[in-house]
Amino acid sequence: MSQHELHAGCDEYNSLTRRAFVGVAAGVAAAATMPAWLPKVVLAQSAASRDIIVSVFLRGGADGLSMVYPFTDTNYYTGRPTISIPRPDSSDANRGVALNGQFAMSRAMSALLPAYQAGNLLVVHGAGLVNNTRSHFDAQRFIEVGKAADANLVTGWLGRHLATSTPMRSDAPLRALGLSQGLPRTLVGGPKTIPVPNPTTYGLAGSATTRAERTAWLREDYTEVDTSIGAKALDAMNTVSLLNSINFNGYVPAGGAVYPATSFGRGMRSAAALIKADIGIEAIQLDIGGWDTHSAQAPVLGSMSRSMQDLAGALAAFHADALTGGVTYNVTVVVVSEFGRNVRENGSQGTDHGRGTCMLVMGPRIAGGRVLTNNWVPLARENLESQQDLRVTIDHRDILAEIVTRRLGNPNLGVIFPSYVPTVRGVTL
Amino acid sequence: MGTTLDQDELTGPDQHGATERPSTLTSAASRRRFFTAAATAAAAFVVTTPEQAQAQSQGTRRARRKLPEPVRGVSLALASAATPPDAQLAVWRDPVARLVRRVTLGITKAELERARALGYSRYLEEQLRPSMIDDRATASFVATNYATLRMTPDELYGANPGRAVTELQEATIYRAAFSKRQLYERMVEFWTDHFSIDTDRVSHLKSTDDRDVIRRHAMGKYPALLRASAHSAAMMEYLDQAVSRRGNINEHYARDIMELHSVGVDGGYTEQDVNELARVLTGWTVSGRGIFTYDAQMHDFGPKRVLGRTIPATAAARGLAGKGEADAIINQLALHPKTAQYIALKMTRFLLQYDPADATVQAVAAEFTRTKGDIPSMIRVILTQQNLMVAPAKYKRPFHLAISTVRALGPSVSSTSFVRGQLNAMGQQLFNWETPDGYPDKMEFWSGLALARWNAATSMVAQTGTAFNFNVTPFVGTSAETGAALIIDNLFGGEVTESLRTRLQGYLRPSPTNTGRVREAVALALSSAQFQWY
Numbered sequence: 094m095s096q097h098e099l100h101a102g103c104d105e106y107n108s109l110t111r112r113a114f115v116g117v118a119a120g121v122a123a124a125a126t127m128p129a130w131l132p133k134v135v136l137a138q139s140a141a142s143r144d145i146i147v148s149v150f151l152r153g154g155a156d157g158l159s160m161v162y163p164f165t166d167t168n169y170y171t172g173r174p175t176i177s178i179p180r181p182d183s184s185d186a187n188r189g190v191a192l193n194g195q196f197a198m199s200r201a202m203s204a205l206l207p208a209y210q211a212g213n214l215l216v217v218h219g220a221g222l223v224n225n226t227r228s229h230f231d232a233q234r235f236i237e238v239g240k241a242a243d244a245n246l247v248t249g250w251l252g253r254h255l256a257t258s259t260p261m262r263s264d265a266p267l268r269a270l271g272l273s274q275g276l277p278r279t280l281v282g283g284p285k286t287i288p289v290p291n292p293t294t295y296g297l298a299g300s301a302t303t304r305a306e307r308t309a310w311l312r313e314d315y316t317e318v319d320t321s322i323g324a325k326a327l328d329a330m331n332t333v334s335l336l337n338s339i340n341f342n343g344y345v346p347a348g349g350a351v352y353p354a355t356s357f358g359r360g361m362r363s364a365a366a367l368i369k370a371d372i373g374i375e376a377i378q379l380d381i382g383g384w385d386t387h388s389a390q391a392p393v394l395g396s397m398s399r400s401m402q403d404l405a406g407a408l409a410a411f412h413a414d415a416l417t418g419g420v421t422y423n424v425t426v427v428v429v430s431e432f433g434r435n436v437r438e439n440g441s442q443g444t445d446h447g448r449g450t451c452m453l454v455m456g457p458r459i460a461g462g463r464v465l466t467n468n469w470v471p472l473a474r475e476n477l478e479s480q481q482d483l484r485v486t487i488d489h490r491d492i493l494a495e496i497v498t499r500r501l502g503n504p505n506l507g508v509i510f511p512s513y514v515p516t517v518r519g520v521t522l
Numbered sequence: 213m214g215t216t217l218d219q220d221e222l223t224g225p226d227q228h229g230a231t232e233r234p235s236t237l238t239s240a241a242s243r244r245r246f247f248t249a250a251a252t253a254a255a256a257f258v259v260t261t262p263e264q265a266q267a268q269s270q271g272t273r274r275a276r277r278k279l280p281e282p283v284r285g286v287s288l289a290l291a292s293a294a295t296p297p298d299a300q301l302a303v304w305r306d307p308v309a310r311l312v313r314r315v316t317l318g319i320t321k322a323e324l325e326r327a328r329a330l331g332y333s334r335y336l337e338e339q340l341r342p343s344m345i346d347d348r349a350t351a352s353f354v355a356t357n358y359a360t361l362r363m364t365p366d367e368l369y370g371a372n373p374g375r376a377v378t379e380l381q382e383a384t385i386y387r388a389a390f391s392k393r394q395l396y397e398r399m400v401e402f403w404t405d406h407f408s409i410d411t412d413r414v415s416h417l418k419s420t421d422d423r424d425v426i427r428r429h430a431m432g433k434y435p436a437l438l439r440a441s442a443h444s445a446a447m448m449e450y451l452d453q454a455v456s457r458r459g460n461i462n463e464h465y466a467r468d469i470m471e472l473h474s475v476g477v478d479g480g481y482t483e484q485d486v487n488e489l490a491r492v493l494t495g496w497t498v499s500g501r502g503i504f505t506y507d508a509q510m511h512d513f514g515p516k517r518v519l520g521r522t523i524p525a526t527a528a529a530r531g532l533a534g535k536g537e538a539d540a541i542i543n544q545l546a547l548h549p550k551t552a553q554y555i556a557l558k559m560t561r562f563l564l565q566y567d568p569a570d571a572t573v574q575a576v577a578a579e580f581t582r583t584k585g586d587i588p589s590m591i592r593v594i595l596t597q598q599n600l601m602v603a604p605a606k607y608k609r610p611f612h613l614a615i616s617t618v619r620a621l622g623p624s625v626s627s628t629s630f631v632r633g634q635l636n637a638m639g640q641q642l643f644n645w646e647t648p649d650g651y652p653d654k655m656e657f658w659s660g661l662a663l664a665r666w667n668a669a670t671s672m673v674a675q676t677g678t679a680f681n682f683n684v685t686p687f688v689g690t691s692a693e694t695g696a697a698l699i700i701d702n703l704f705g706g707e708v709t710e711s712l713r714t715r716l717q718g719y720l721r722p723s724p725t726n727t728g729r730v731r732e733a734v735a736l737a738l739s740s741a742q743f744q745w746y
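Chains as they are written, first to last, in our numbering: chain A, 94 to 522; chain B, 213 to 746.
The following block holds chain A by itself, in its conformation from the complex (with noise of 0.2 Å):
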């Protein structure tokens, strides 16, 4: 039987194929497809134990070393003599929360010791690309496809995670979205995914007043159109009345949970509510920029600290809302960033572009409240890789790839991590 024959007859298949947006900055959007490949692969189930993957990205090389720091490391404060962050067990009032006897989390980031203590919140340090490209572009492109350096692969790696699994609800209009502008490369190839910039305006342009008239118009134009071109525009439209039937904006978080209000708040935000909606949303990306500290980085006070107060809030918020606010949801949250940065300091008080950094992972059947590391050595410059970063000792497709398989249920690696074995970190429960 030929790979064509054996998913003729399904749907998810047949939408695979379809225009999708890589928007990075300024409006760029560059185009990829998946095209009728047809995976040999056993498709994933539906379960029950089945999570919702929220997937986060920080954009511009978030530094690891400012969220999570070995305060024992005497090599952290003499590399970096403006932006380190003090010693938990010094007086000083910007003084970090110690995780471990070896690692502290930045003040900034301390909204998230509740999900940490609670054992929900899982910090992998050292983690990254094998790839050494300090180039924002390829490394995001490479992780976010989830191989190195292979300009053949143009979708995403959780885009294929949802091309080779059923729908957890088969009627589902949507089975995941890009809280953005475009489609970020992550979700690409994604069958019934797409962009949705904001949730709370989604839909029809032009006048309120017509909108549900020219809304019906539409809609018995192309209920006449007996090809798949209808039942797409159906679909759009179900999509649309679907995001229109959520009250994103009298949503209520549970557990008394205040969200931040900053683009990154209002996503998480609107991501919780999507998820308790319980529309058969599958997967959620949300990017949050503002990492790229080459000058002024300021991880105590300043620019930095803000941007991680806006993560850790969000995230926080979040983990009270959906993970333990009276209902407890099935959902893994991962936060990924492209690289790290340099160990030492630069000349204008920021750092530049480096190797590891420090991954998050949060859910009720992680493995959390630990600091994950693989052979951590002190941050001597002989140990540094180029003698200035800190070395990728955990590749960030062994964190997704268990989550893969375990959380979301899905066997097939070879398709989602294609050439790459993953090594188990025993990241989940």
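Hints are computed from structural coordinates only; laboratory data are not their basis. These numbers come from a predicted model, not from an experiment. Note that the Cβ used here is the ideal one computed from N, Cα and C, for glycine as well. Be aware that a few hints might be false.
Residues from chain B that keep clear of chain A, each with C-beta distances beyond 10 Å, as calculated [claimed, not checked]:
1. Glu463
2. Ser629
3. Phe682
4. Arg715
5. Gly718
Across the chosen pairs, the derived CB separations fall in these ranges [unchecked claim]:
6. B/Gly459 - A/Asn225: 38 to 48 Å
7. B/Gly459 - A/Asp185: 52 to 62 Å
8. B/Thr676 - A/Gly343: 52 to 62 Å
9. A/Gly519 - B/Asp366: 56 to 66 Å
10. A/Thr516 - B/Arg517: 23 to 33 Å
Got chain A sorted already, so can you dock chain B onto it with the hints?
Then chain B, alone, in the frame of chain A:
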């Protein structure tokens, strides 16, 4: 050929024929990289089949897509899914209207009337000779508003490169919408995808390529087009030919000139041929701020064997020594029988239907061979009335949809920036397809974006600013019936299903002379399923 009114951008003498004129020669040492992205970014390809995906995962270079020409079984499946409702095809009765839909980027009332007056054949013949069509108004607007289009690479480098790309995009939109040489603009669209280059990789260099390669030869002879592309600095950069040198070859361009530009993926070449052609092509590079150059110091003067042709070793030399090796191979590729097949299939798909009958393709390929790749002659074989009356409709890509909307609305336009924004929103930012196979011309690829298309229609119909002013008056009737008829005449050449006519009347009926209501009805008509096809 009679007096031509504007030869500026149309087919001129083949500058890259057998008597090759020397391009600027520069030593390797003086070569200067003028942008950094290309040095590191590898061009991207699309995974097509699981076999390929698997091969790729095994690290073999052979793992390549079969795009843009899918295997027969897939294309058949596509075609059946792409057939519009019979009801719609049934109302497209007028052969001239069908022809206008195919050779233009959007039917208009005026163009249809003009075509009917000329008749099918004379209208087609007119469009096949673009240099004979007076298009001075378009040329004048373009010359006034998009100064970078005339610039040399050096001047472009001095200008803002981003502006050069924006102007190229906006000029392309303007020409597509307003040029009287509509079939020519469609062929520019076709060859732009065939020799696709991403401006994210080559920036303003595409401006030169657009002018000197695509637009110069779009309605000329295919071999001249292929040769011009092979002498394009933008192409050399985009497909990494510029960095390929003796002892350290990059086979990217060598592969794609065969796989995508000439004989096609099933063209019968081997991996050995790719490798050897890459050696043959060493020295074809870029100097200065984007000048194609042959640099003998980069050339591999060793013996080679490619596509059955033996190239003996020669002593290393300077000047153009060694360049003729690749010239000969490119000439061989340009008129190869497999090239005739491949170009015939692709052009027929673009102009006629997604899945053309094999006999039609063979007839077009035979014409390619007979005329040595004369593009108008091939089009003449493709767009016969007989072929067109049985061809299923095709689905408009966002570019086609946006341009046909502009043409139907007939706005006064002083800037196409707004339309460019709409194209971006619908996912077809011009000259920005990442991989060298060009924007797909497949219904399934584009049809998932219905909401973006509807919203673009609403947005365009609402424009009343000086940059883009849609005057709704010609669309306002005295009743729901006359109003609907005006919309149908202006947008659809008068041919729609009765149910759509009834639906448009129904929307107008509460307030048929209210311009706000009429604008909404026009937007709905543009959003309707029937406007999505051509």
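A range of 52 to 62 Å was offered for this pair. Does it hold for the Cβ distance of threonine 676 of chain B and glycine 343 of chain A? violated, 35 Å
Holds or violated: is the Cβ of arginine 715 of chain B farther than 10 Å from all Cβ atoms of chain A? With a cut-off of 10 Å, arginine 715 of chain B comes too close to chain A, as the shortest Cβ separation is near 6 Å.
Given a hint of 23 to 33 Å, does the C-beta separation of threonine 516 of chain A and arginine 517 of chain B actually sit inside it? About 46 Å separates the Cβ atoms of threonine 516 of chain A and arginine 517 of chain B, which means 23 to 33 Å is violated.
Is the gap between the beta carbons of glycine 519 of chain A and aspartate 366 of chain B within 56 to 66 Å? Cβ of glycine 519 of chain A to Cβ of aspartate 366 of chain B: about 59 Å, so the range 56 to 66 Å holds.
Distal placement of serine 629 of chain B relative to chain A, Cβ over 10 Å: holds, 13 Å
Holds or violated: is the Cβ of glycine 718 of chain B farther than 10 Å from all Cβ atoms of chain A? Its Cβ does come within 10 Å of chain A, the nearest being 8 Å, so this is violated.
Does the beta carbon distance between glycine 459 of chain B and asparagine 225 of chain A stay inside 38 to 48 Å, or does it fall outside? violated, 25 Å
Beyond 10 Å from each Cβ of chain A, as asserted for phenylalanine 682 of chain B: The assertion about phenylalanine 682 of chain B holds, with a minimum of 14 Å to chain A.
Measuring from beta carbon to beta carbon, are glycine 459 of chain B and aspartate 185 of chain A in 52 to 62 Å? holds, 59 Å
Are all beta-carbon distances from glutamate 463 of chain B to chain A longer than 10 Å? The claim stands: glutamate 463 of chain B keeps its Cβ more than 10 Å from every Cβ of chain A (closest is about 13 Å).
Hint violations for this structure: numbers 4, 5, 6, 8, 10, all remaining hints satisfied.
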